[in-house]
Amino acid sequence: MSGILVVLELQTTSGQRAGRISRISWEALAAGQKLAAAQSLNITAAIVGADTESLAAEIAAKGIATIRVDHPLLAQYTPDGFTLALQQLIQSESPTQVVFPHTYQVRDYAPALAARLNQVLISDVVDIAPGPVFTRQLMQGRLNGNYRSTGTGPCLISVQAGAFRAESTESATTPAEIKTFTPTIEAAQIRTIPGEPFRGSSQSVDLGSAQLIVSVGRGIKEAENIPIVQELANALGAELAASRPICDNGWLSMDHQVGSSGQTVSPKLYLAVGISGAIQHLVGMKGSQCIVAINKDPDAPIFEIADYGIVGDLFEVVPALTAAIKAAKQ
Amino acid sequence: MKIVVAIKQVPERDAQVRINPSGKWIEESGLQYALNESDAYALEEALQLKEKHGGEVIVVSAGPERVGQTIREALAKGADRAIHIDCDDLGNRDALGVARLLAAAVKPENPDLVLTGLQSEDLGLGQTGVIVAELLNLPHATLILHVEKTETGLTVKRELEEGWFQTIDLPTPAVLTIQSGGNKLRYATLMGIKRAKTKEVRRVTAAELAVDATPVVILDQILLPHKQKSTQMLPGSPKEAAAALAEKLKFEVRVL
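For the protein sequence lines, the chains are D and A, in the order given.
Residues in the first sequence are numbered consecutively from 1, following this note's numbering.
Residues in the second sequence are numbered consecutively from 1, following this note's numbering.
Each hint should be verified, as a subset may be incorrect.
[Said to hold, decoys possible] Mimicking DSS-like on lysine-lysine, the simulated pairs with C-alpha atoms at most 27 Å apart in a straight line are:
| hint | chain 1 | residue 1 | chain 2 | residue 2 |
| --- | --- | --- | --- | --- |
| 1 | D | Lys286 | A | Lys227 |
| 2 | A | Lys2 | A | Lys199 |
| 3 | A | Lys239 | A | Lys250 |
| 4 | A | Lys157 | A | Lys2 |
| 5 | A | Lys248 | D | Lys326 |
| 6 | D | Lys329 | A | Lys107 |
| 7 | A | Lys248 | D | Lys286 |
| 8 | D | Lys296 | A | Lys250 |
| 9 | A | Lys227 | D | Lys268 |
| 10 | D | Lys34 | A | Lys227 |
Quick caveat, the hints were computed from the structure, so don't treat them as lab data.
As the structure is a prediction and not an experimental result, all values here were calculated from the model.
Extracted from the complex, chain D is given alone in its bound form (with noise of 0.2 Å):
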């Protein structure tokens, strides 16, 4: 076909959203459209499952040729049928580029499919320049590397959630083509027993509706240090939270994080003291309205998306920041 293929996801966990398309893959559909239109070529969405009748109608009432992959073997995710099944469909349509959301569960197979077909997924893309030259973050996102394949085969990418955006993606007056592909698949081919998910430990700590966060992490340095950024959420009135070594360690529980395998927030204020913003944190707040960041480093990744900064130690600027917000609230 040597044109891009989409492969777009399900919501798997997150209640009412559950068994919809999730919106990183209509994101990664966007980076699609980018890709195709740069080198004048066609776009594909391939949707893969055991059910998947009503999603391809979905996806091809915004005009965009949708193949379903579809397998009673694929009713549930796992890494073994995903990587079969993907791997020939790829084989049979022979795409320039795979486009993919960066989720974990692109994560549990891509670079498998990838390895399966003598490819490199390059992951966690964040921009695409002409050539393609794909952007993805290092260093905890201190550095950006432009990559490039130097392969004859498909190209493999997936897409940070919130690098594109997914707006133009909008209804077509007629409805593009849906393909039927079944793979061949076979139950002992399939290694892995998936279990439900699950939610953990029951969330005390509602950080989606709050209004303004105080957020600590790693540079608190110990559990006992804590209260002073309590104190200063006290007298903000706002919801303490964490990025994820915090709770690791265990000095908060694990409903205070904030991020990837935390909650998503976007409150009115965030306030983050002592966290460096790793690409994990930052994808669970950068929605926010108003970024604060008090941090030692001036590199620290987490000013890129600041709207205040102050450089210094924490602990010096957090008694001093808690006693002015006392003064001026009086």
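Start from chain D and add chain A according to the hints.
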């Protein structure tokens, strides 16, 4: 259980990284290195499995001479022996090239389990474990927080997005990539550090492993990221900066 843990030495988290004159890599001189964090959790999981079920923990790491330091740390924490893939051109190899080195070194060991961290802190590709599984033709699971041995294999707890999880059953031998936070990390004891000095570190060169090093994907250029927003930095002493910020929060952000 015979467990191989693939670990990576990465620049220390707080290290000031600069782009080197070639524009294709970071300046390595003067950098401090450490064990990649999720690999530390993979090692911890392996050590705990060994404590529960017996067996052997072997660490494998690819990289230049300096990687020996990180290997010794893993041995001091309790790994039994190590394989150091001596390789000065790691940066020229893509994810498949590096996974080929690791798979070639791991294969003759015939382990029951191969563990590694889910992602490195330097390149952040998050692919090595999955590709190693593919090359060894073993089943795998990623983002694992907990591993339980069963009659027929393993039951593992996998992290999904937004606070969800699932369990996965899989047979052994298998490859797992470990997410951070599943266990509490141990420190090396003095006795451990002493013992590490006598433990076996087998060196094998990349050339001896005779794997294809031709990259399919090339890192062409490293750049500083564009600023996505214009950040207003608030200078001055901590007190002055804090007062200026309180002012902004009151009159511009209007949250006070």
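Evaluation of the provided hints:
1. Distance hint between Lys286 (chain D) and Lys227 (chain A) is fulfilled; the C-alpha atoms sit about 13 Å from each other, no more than 27 Å.
2. Between Lys2 (chain A) and Lys199 (chain A) the CA atoms are separated by roughly 17 Å; this keeps the pair inside 27 Å, and the hint holds.
3. Between Lys239 (chain A) and Lys250 (chain A), the direct Cα distance comes to roughly 17 Å. Compliance with the 27 Å bound is thereby established for this hinted pair.
4. For the suggested pair Lys157 (chain A) and Lys2 (chain A), the alpha carbons sit about 20 Å apart, so the restraint of at most 27 Å is met.
5. Using a Cα cut-off of 27 Å, the hinted pair Lys248 (chain A) and Lys326 (chain D) holds, with the two alpha carbons roughly 14 Å apart.
6. In summary, the hint linking Lys329 (chain D) to Lys107 (chain A) is not supported, as the alpha carbons are separated by about 65 Å, beyond the 27 Å threshold.
7. Proximity of Lys248 (chain A) to Lys286 (chain D) is assessed by CA-CA distance (about 20 Å); at most 27 Å being required, the pair is judged to hold.
8. Taking the CA atoms of Lys296 (chain D) and Lys250 (chain A), the gap is about 24 Å. The hint holds against a cut of 27 Å.
9. For the hint linking Lys227 (chain A) to Lys268 (chain D), the alpha-carbon distance of about 21 Å falls within 27 Å, and the restraint holds.
10. Restraint check: the Cα-Cα separation between Lys34 (chain D) and Lys227 (chain A) comes to about 22 Å, which is no more than 27 Å; the hinted pair holds.
This entry does not satisfy hint 6, going by the numbered hints stated previously; all others are met.
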